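There are 2 protein chains.
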Amino acid sequence: MTPDIIPIEPAPPLSGNAPPLLRELAEMLRRLVNTGESATLDLSALPLTPADLDWLREKLGQGEVAAQVQAEGESTFDETACPGVWWVTHRNTRGTVVAQFIEVTFVPELLKAPPQDVAAGCEHLEVLISEL
Amino acid sequence: MTPDIIPIEPAPPLSGNAPPLLRELAEMLRRLVNTGESATLDLSALPLTPADLDWLREKLGQGEVAAQVQAEGESTFDETACPGVWWVTHRNTRGTVVAQFIEVTFVPELLKAPPQDVAAGCEHLEVLISEL
Chain A
62 MTPDIIPIEP
72 APPLSGNAPP
82 LLRELAEMLR
92 RLVNTGESAT
102 LDLSALPLTP
112 ADLDWLREKL
122 GQGEVAAQVQ
132 AEGESTFDET
142 ACPGVWWVTH
152 RNTRGTVVAQ
162 FIEVTFVPEL
172 LKAPPQDVAA
182 GCEHLEVLIS
192 EL
Chain B
62 MTPDIIPIEP
72 APPLSGNAPP
82 LLRELAEMLR
92 RLVNTGESAT
102 LDLSALPLTP
112 ADLDWLREKL
122 GQGEVAAQVQ
132 AEGESTFDET
142 ACPGVWWVTH
152 RNTRGTVVAQ
162 FIEVTFVPEL
172 LKAPPQDVAA
182 GCEHLEVLIS
192 EL
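Which chain is which? The protein sequence lines are A and B, in order. Per the numbering used here, the first sequence starts with residue 62, numbered consecutively. Per the numbering used here, the second sequence starts with residue 62, numbered consecutively.
By construction, these hints were calculated from the structure, which means they are not laboratory data. Source: prediction; values computed, not measured. Don't take each hint at face value.
Which copy? The list can't say, so a pair holds if one copy fits it or any two copies do.
Calculated lysine to aspartate or glutamate pairs in the EDC-like style (CA-CA distance at most 20 Å, straight line) [unchecked claim]: (1) 120 to 139; (2) 120 to 170; (3) 173 to 125; (4) 173 to 139; (5) 120 to 164; (6) 120 to 133; (7) 120 to 187; (8) 173 to 98; (9) 120 to 98; (10) 173 to 115; (11) 173 to 119; (12) 120 to 135; (13) 173 to 192; (14) 120 to 192; (15) 120 to 103; (16) 120 to 178; (17) 120 to 85; (18) 173 to 184; (19) 120 to 184.
Required output: the full structure, derived from the provided sequences and hints.
Listed below in structure tokens is the structure:
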């Protein structure tokens with residue numbers, strides 16, 4: 062009896078779950094325009110294949126703004142060709158992707174300096190000045 | 062008569078104009094914390110030598126957030142080690158620095174998607190969806 066040939070597993074194809082997400086994003090974007098309300102899709106929590114993610118990213122395109130935040134690993138915030146729609150990737154200190162989101166917002170919250178940090182920054186600057 | 066030796070011009074040294082700017086920044090940062098009011102120093106409009114700019118940049122240090130905007134040349138927005146203080150450089154399409162600012166703000170205005178662009182992005186997304 063010859064053993065069955067074990068096939069090389071092909072890359073998982075498009076699941077069909079990505080196109081409805083575009084409709085959901087359009088709805089979220091309308092809400093942002095009308096009410097100022099931000100929203101987030103947690104891509105890691107959805108049944109999406111790598112091919113789905115590539116398809117989504119390609120459909121959304123590349124916008125004008127890109128930002129990086131270094132805080133226990135790098136997070137990247139890439140505006141898509143739809144202003145207000147941001148592709149967000151969080152990596153750990155080893156560079157492994159730990160979470161991926163699409164944020165629908167004027168500017169991602171993590172790009173803003175938190176007021177308590179700005180207050181601390183004031184003191185940092187006072188120290189610098191006292192050392193001049 | 063031997064000609065005078067033309068000396069190689071040394072790099073312009075510190076002018077003494079940079080330290081007072083740190084005090085001005087501390088004042089602007091206090092105003093941001095207390096009133097939410099943003100402010101900008103136009104470094105190109107001040108009598109600063111390249112050595113002054115290097116000194117200022119080194120004193121302010123490097124923060125967690127860096128962002129780039131591609132729009133008729135690249136603009137970079139680098140948060141300094143004082144949260145709320147951003148070093149901003151605008152370049153033309155040939156990569157030449159055309160303006161340099163220090164912005165004191167929670168997040169630079171140019172990183173935010175303008176509401177009218179978000180509204181246009183809604184329509185762009187509707188077109189994408191109609192083509193599925």
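Verification of the hints:
1. 120 to 139: Within. Shortest intra-copy distance 14 Å satisfies the 20 Å Cα cut-off; inter-copy 29 Å does not.
2. 120 to 170: The answer is neither: 24 Å in one copy and 27 Å across copies each exceed 20 Å.
3. 173 to 125: Classified as both; 18 Å inside a copy, 11 Å across copies.
4. 173 to 139: Intra 15 Å, inter 12 Å, cutoff 20 Å: intra and inter.
5. 120 to 164: within (15 Å within a copy, 34 Å between copies)
6. 120 to 133: neither (30 Å within a copy, 24 Å between copies)
7. 120 to 187: between (48 Å within a copy, 12 Å between copies)
8. 173 to 98: Cα proximity of residue 173 and residue 98: in one copy and across copies (17 Å, 14 Å).
9. 120 to 98: Result: close neither inside a copy nor across copies, 23 Å intra and 38 Å inter.
10. 173 to 115: neither (28 Å within a copy, 25 Å between copies)
11. 173 to 119: Answer is neither: 27 Å inside a copy and 22 Å across each miss the 20 Å cutoff.
12. 120 to 135: neither (24 Å within a copy, 24 Å between copies)
13. 173 to 192: Neither. Shortest intra-copy (28 Å) and inter-copy (36 Å) distances fail the 20 Å Cα cut-off.
14. 120 to 192: Answer is between; shortest inter-copy Cα gap is 11 Å, intra-copy 53 Å.
15. 120 to 103: For residue 120 and residue 103, the Cα distance is within 20 Å only inside one copy (18 Å; across copies 39 Å).
16. 120 to 178: Result: close only across copies, 18 Å inter versus 37 Å intra.
17. 120 to 85: within (14 Å within a copy, 46 Å between copies)
18. 173 to 184: For residue 173 and residue 184, only the intra-copy Cα distance (19 Å) is at most 20 Å; the inter-copy one is 28 Å.
19. 120 to 184: between (46 Å within a copy, 14 Å between copies)
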